[in-house]
Amino acid sequence: MTLNDNQFSPTRRLVLKGVGVVALAGLGILRFGAMPAFAAANDKWPEEAFKQKNEVDAIKALYGKTAEASDKVKLDAPEIAENGAVVPVSVTTTLTDVTSISFLVADNPNALAASYIIPAGTMPSVANRIKMAKTSNVTAIVEAGGKLYSATKEVKVTVGGCGG
Amino acid sequence: MASTIRVRATANGDTTEVQALIQHPMDSGFVKNAKGDLIPAHFIQQVTFECNGKSVFVADWGTAVSKDPYVKFSFKGGNKGDDLKIGWVDNKGQSDTTTAKIA
Chain U
9 MTLNDNQFSP TRRLVLKGVG VVALAGLGIL RFGAMPAFAA ANDKWPEEAF KQKNEVDAIK
69 ALYGKTAEAS DKVKLDAPEI AENGAVVPVS VTTTLTDVTS ISFLVADNPN ALAASYIIPA
129 GTMPSVANRI KMAKTSNVTA IVEAGGKLYS ATKEVKVTVG GCGG
Chain Y
10 MASTIRVRAT ANGDTTEVQA LIQHPMDSGF VKNAKGDLIP AHFIQQVTFE CNGKSVFVAD
70 WGTAVSKDPY VKFSFKGGNK GDDLKIGWVD NKGQSDTTTA KIA
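Protein chains in written order, with the working numbering: chain U, 9 to 172; chain Y, 10 to 112.
Same shape as in the complex, but just chain U (with noise of 0.2 Å):
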């Protein structure tokens, strides 16, 4: 993935501080001014963890600790992907106290794929499509009180998702 700062306008700054305001405000996440551009337009979104090409490097950083296996995490995954580009995966959690779920696909060329930030009143269940390369393991993370919680699950790709 290249990624440089000139994708990142000035134009992208102003749209950001339009919708951030809007969209962050109740957050209370309103550090634009003193921070450098490019943080500011990315205040939020871990940019260094989906840079990072293998899972335990990505899990690093992105919550700073390492997971361990629960049975408390159910990942809901095909057996058998016949197409990488469009693969459901979805996962749930008897868990409490969760504050976020995040995907990650181990052989993709930037393992993580997608996180989400659950608020408290959000139940901890989410279901998206990702892309898979080729078969890998797919692994969900589950942040509950603090701690990380993981289940892991191959899905065998037949035609893979990224370039072809």
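Read the hints as simulated data drawn from the structure, not as lab findings.
Careful: at least some of the hints might be erroneous.
Claimed, not checked - Looking from chain Y toward chain U, a few residues come up when the C-beta cut is under 7 Å (computed): (1) N61; (2) V65; (3) Y79; (4) K81; (5) F82; (6) F84; (7) A109; (8) K110; (9) I111.
What the hints assert, rightly or not - List time: in silico DSSO-like cross-link candidates among lysine-lysine, alpha-carbon distance up to 27 Å: (10) K101/Y with K85/Y; (11) K81/Y with K52/U; (12) K155/U with K41/Y; (13) K61/U with K110/Y; (14) K161/U with K101/Y; (15) K85/Y with K59/U; (16) K76/Y with K142/U; (17) K85/Y with K164/U; (18) K80/U with K110/Y; (19) K61/U with K101/Y; (20) K161/U with K80/U; (21) K81/Y with K161/U; (22) K155/U with K85/Y; (23) K76/Y with K52/U.
Here a beta-carbon is modelled for each residue, glycine too, at the ideal position from N, C-alpha and C.
Based on the hints, put chain Y in the right spot on chain U.
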């Protein structure tokens, strides 16, 4: 322009189930076009969901989220007729917002 965001939010008892479908190419930056040139990365980075001024869900996405992304979640505290506000921002600074009524 029609909104790029399609939302279905249904209240069932005290929980509201939200399904959102966004039209977006989600180019990963790894795929080549017919001429063999790489298509630059173009993907949604963040989607926010707000109900009654309170954030109920935030999605941080990388390039590995499928084209025309779909996401489903549910939350407590929404009532029929409440407004659910959804907005996304991508890595090129494009964005869109929409407001849906919980049914």
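Is it true that the CA of K61/U sits at most 27 Å from the CA of K101/Y? This hinted pair holds, its Cα atoms lying about 22 Å apart.
Sort out whether K41/Y lies within 27 Å of K155/U, counting only the CA atoms. violated, 40 Å
Hint check: is the beta carbon of K110/Y less than 7 Å from a beta carbon of chain U? Cβ of K110/Y sits 19 Å from chain U, so the hint is violated.
Hint consistency between K76/Y and K142/U [alpha-carbon to alpha-carbon, up to 27 Å]: holds, 17 Å
K155/U and K85/Y were given as a pair; does the straight-line alpha-carbon distance stay at or below 27 Å? holds, 23 Å
Mind checking the alpha carbons of K81/Y and K52/U for me, to see if they're no more than 27 Å apart? holds, 21 Å
Interface hint for Y79/Y, Cβ within 7 Å of any Cβ on chain U: holds, 5 Å
A109/Y was flagged as interface toward chain U. Is the shortest Cβ-Cβ separation under 7 Å? violated, 15 Å
Would the hint on F82/Y be counted as holding, given a Cβ-Cβ threshold of 7 Å to chain U? OK, holds: F82/Y within 7 Å of chain U, min 5 Å.
Sort out whether K80/U lies within 27 Å of K161/U, counting only the CA atoms. holds, 14 Å
Restraint check for K80/U with K110/Y, where alpha carbons must lie at most 27 Å apart: Measuring from Cα to Cα gives roughly 33 Å; hence the hint is violated.
Have a go at the V65/Y hint: is there a Cβ in chain U nearer than 7 Å to its own Cβ? holds, 5 Å
Violation of the numbered hints given earlier is confined to hints 1, 7, 8, 9, 10, 12, 13, 14, 15, 17, 18; the remaining hints are satisfied by the structure.
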